[in-house]
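Chains as they are written, first to last, in the numbering used here: chain A, 1 to 150; chain C, 1001 to 1150; chain G, 2001 to 2150.
Hints listed in this document are in silico derivations from the structure and should not be mistaken for laboratory results. This structure is a prediction, so every number in the text was calculated from the model and none was measured. Just so you know, even glycine gets a beta-carbon here, dropped at the ideal spot from N, CA and C. Worth double-checking, as some hints may not be accurate.
What follows is a set of in silico ranges between Cβ atoms, one per label pair, in the way DEER data are often shown [unchecked claim]:
no.	chain 1	residue 1	chain 2	residue 2	range
1	G	Ala2059	C	Ser1142	50 to 56 Å
2	G	Ala2063	C	Glu1007	47 to 53 Å
3	A	Ala59	G	Gly2051	45 to 51 Å
4	A	Cys56	G	Ser2093	45 to 51 Å
5	G	Asp2106	C	Glu1035	36 to 42 Å
6	A	Ser66	C	Glu1035	43 to 49 Å
7	A	Asp107	G	Asp2044	46 to 52 Å
8	G	Leu2095	A	Ala6	18 to 24 Å
9	C	Ala1060	G	Gly2128	39 to 45 Å
10	C	Glu1003	A	Asp88	29 to 35 Å
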Amino acid sequence: MPERIAERLRALEDREAIRDLIARYGPLADAGDAEAVAALWSEDGSYAVGGMGEACGRAAIAALISGPLHQSLLTDGCAHVLTSPAIDLDGDSALARCHSVVLRHDDGEWIPVRASANRWLLRRGPDGWRVLRRENALLNGSAAARALLS
Amino acid sequence: MPERIAERLRALEDREAIRDLIARYGPLADAGDAEAVAALWSEDGSYAVGGMGEACGRAAIAALISGPLHQSLLTDGCAHVLTSPAIDLDGDSALARCHSVVLRHDDGEWIPVRASANRWLLRRGPDGWRVLRRENALLNGSAAARALLS
Amino acid sequence: MPERIAERLRALEDREAIRDLIARYGPLADAGDAEAVAALWSEDGSYAVGGMGEACGRAAIAALISGPLHQSLLTDGCAHVLTSPAIDLDGDSALARCHSVVLRHDDGEWIPVRASANRWLLRRGPDGWRVLRRENALLNGSAAARALLS
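Turn these sequences into a full structure, and let the hints guide you.
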C-alpha cells in the first residue's frame, strides 16, 4: 500500500474514531451506564467538570454518573446533548472542542440547566483512542469557558 | 486495489453515509417535506415515536409530517435538533444512537418541548443506506428511553 | 495510486473538512474570536443573518462578533450550538444544511433565544474549504427558514 494512501486513510479513521468516542458520552450518561462512561477515558484520564471539581481516574469518573447529582437528573429525565467536535489531530494525540447542554425534564418541558464549553485532550493507546482529559466550564460569561473554546 | 484498503474505505464511506442520512432528518422535518423524510426509510421501514405509537411504511411516516401535530409545530416555528450519532457498523447493517430535541417557537423564545433518546437500525440496500427502524422515547425518567441508549 | 481510490479518499476528506469548518463556528463565536470566525469564510464570503441584514466580506463578518449585540451575549454567557450538517458535495463546491440554536445564560438557566435554519455554500480554494455564503433564518414559522432546509 503506498505510504501516502495509508496516511490519509489513517487520518480519516482517527478523526472518525475520536468523533465516535465523544458521541458516545451523551447516550451513555443518559443511560446511566457509569462503567461504560468511564471506559471512554484512559486509565489515567481525568474530567474537570465546571463548578464541580475534578474526577481523576476511571473510578472517580464512574462515580460522577453513579453519584446523587447525576442520579437525580436521571430520575427526573435528562438529555446530555453534545455538538460534533472540531478536531485538531497531531499524531497519537488530538484536541477537540465542542459544546454540551444538559436539559432537565420538568413537567413536560426540558429546561437547559447547563450549557458548557468542552476541551478534550485525546490519546491513542493500545486499545484505540481514549479521553486523557476533558475540561468543562459553564458558559455563564466566565473567562474560563471562553478560554476552552479558542 | 488491495482488499484491505477497499475494506477500510468502505467502512469510512458507510459511516459517512449513515451520519449524513440521520443529519437529513431534522432539516427535512422542519422544511415540512413529508416525502423526502419518508424516503430516508426503507420501503418496509418503521418509526416508533415515543408516546405516539408506531408508523409502519413510508406512507405512514410521511403522514407524521403532513399530519396536524407536525403542521401545528411548523406553523408556530420549530427546530428538530439531532446530535451526531454513535454508530456500530456490522456489514450491511448498523445501529446508531443519538438524542433529538424539538424546540417550539413561542413569542421570541424556543421551548424544548421534547427531548428524546433515539435508536436507529439501518440497512444497506440497492439504493444505499436507509432507516429500517427508528425507536424514539422521551427522556422523562422512563426506563424505556434509558434502554435505547445503552 | 489508482484513480478510483484517490477520488473516494478525496470525497471523504472533503466532507470531513467541511464538517470540521462548520464545527468551528460555534466554539469560535462563543470564544469571541472575531478574526478566527471571519477566517472561516472566503475573502469574498457573506453571512446573511436572519432578521439582521447581511455581512459581506471578512471585516463585516468579524464585526458581527466584535459588535455590541454579540458582546452583550458573551457578557451574559452564551452557547452557539450547531448540528452536524447534511452535505451535498459537487466537485469544488458544496452545499450544507444544519440548525443553529443560541442559548443565553440567565440566572443559572440557558434560554434558547434563537433557533435557525442554515444553508451554507462552500467552495474549495487554494487554502482549502471556506464558506462562500451562509444564509440563516429564524425558525419562527416563516417560509424563508423552511426554504433554506429543503
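- Please test the hint of 39 to 45 Å on the beta carbon pair from alanine 1060 of chain C and glycine 2128 of chain G. holds (44 Å)
- Query: Does the Cβ pair leucine 2095 of chain G, alanine 6 of chain A satisfy 18 to 24 Å?
  - Reply: violated (31 Å)
- Taking the CB of alanine 59 of chain A and the CB of glycine 2051 of chain G, does the distance hold inside 45 to 51 Å? The hint (45 to 51 Å, Cβ to Cβ) holds, given that alanine 59 of chain A and glycine 2051 of chain G are roughly 50 Å apart.
- Task: May I ask you to test the hint 45 to 51 Å on the CB atoms belonging to cysteine 56 of chain A and serine 2093 of chain G?
- Result: For serine 2093 of chain G against cysteine 56 of chain A, whose Cβ atoms are near 47 Å apart, the range 45 to 51 Å holds.
- Do the Cβ positions of serine 66 of chain A and glutamate 1035 of chain C conform to the proposed distance bound of 43 to 49 Å? holds (46 Å)
- Task: Note whether the CB distance of glutamate 1003 of chain C and aspartate 88 of chain A lies within 29 to 35 Å or breaks it.
- Result: Given about 32 Å between the Cβ atoms, the range holds.
- Message: Please check whether aspartate 107 of chain A and aspartate 2044 of chain G have a Cβ separation lying inside 46 to 52 Å.
- Response: holds (50 Å)
- Query: Should the hint that aspartate 2106 of chain G and glutamate 1035 of chain C are 36 to 42 Å apart at their CB atoms be regarded as holding?
  - Reply: holds (40 Å)
- Determine whether the Cβ-Cβ distance between alanine 2063 of chain G and glutamate 1007 of chain C falls within the hinted range of 47 to 53 Å. About 49 Å separates the Cβ atoms of alanine 2063 of chain G and glutamate 1007 of chain C, which means 47 to 53 Å holds.
- Task: Could you check the hint for me, namely that alanine 2059 of chain G and serine 1142 of chain C are 50 to 56 Å apart, CB to CB?
- Result: holds (51 Å)
Going through the hint list in order, the structure does not satisfy hint 8, though it satisfies all others.
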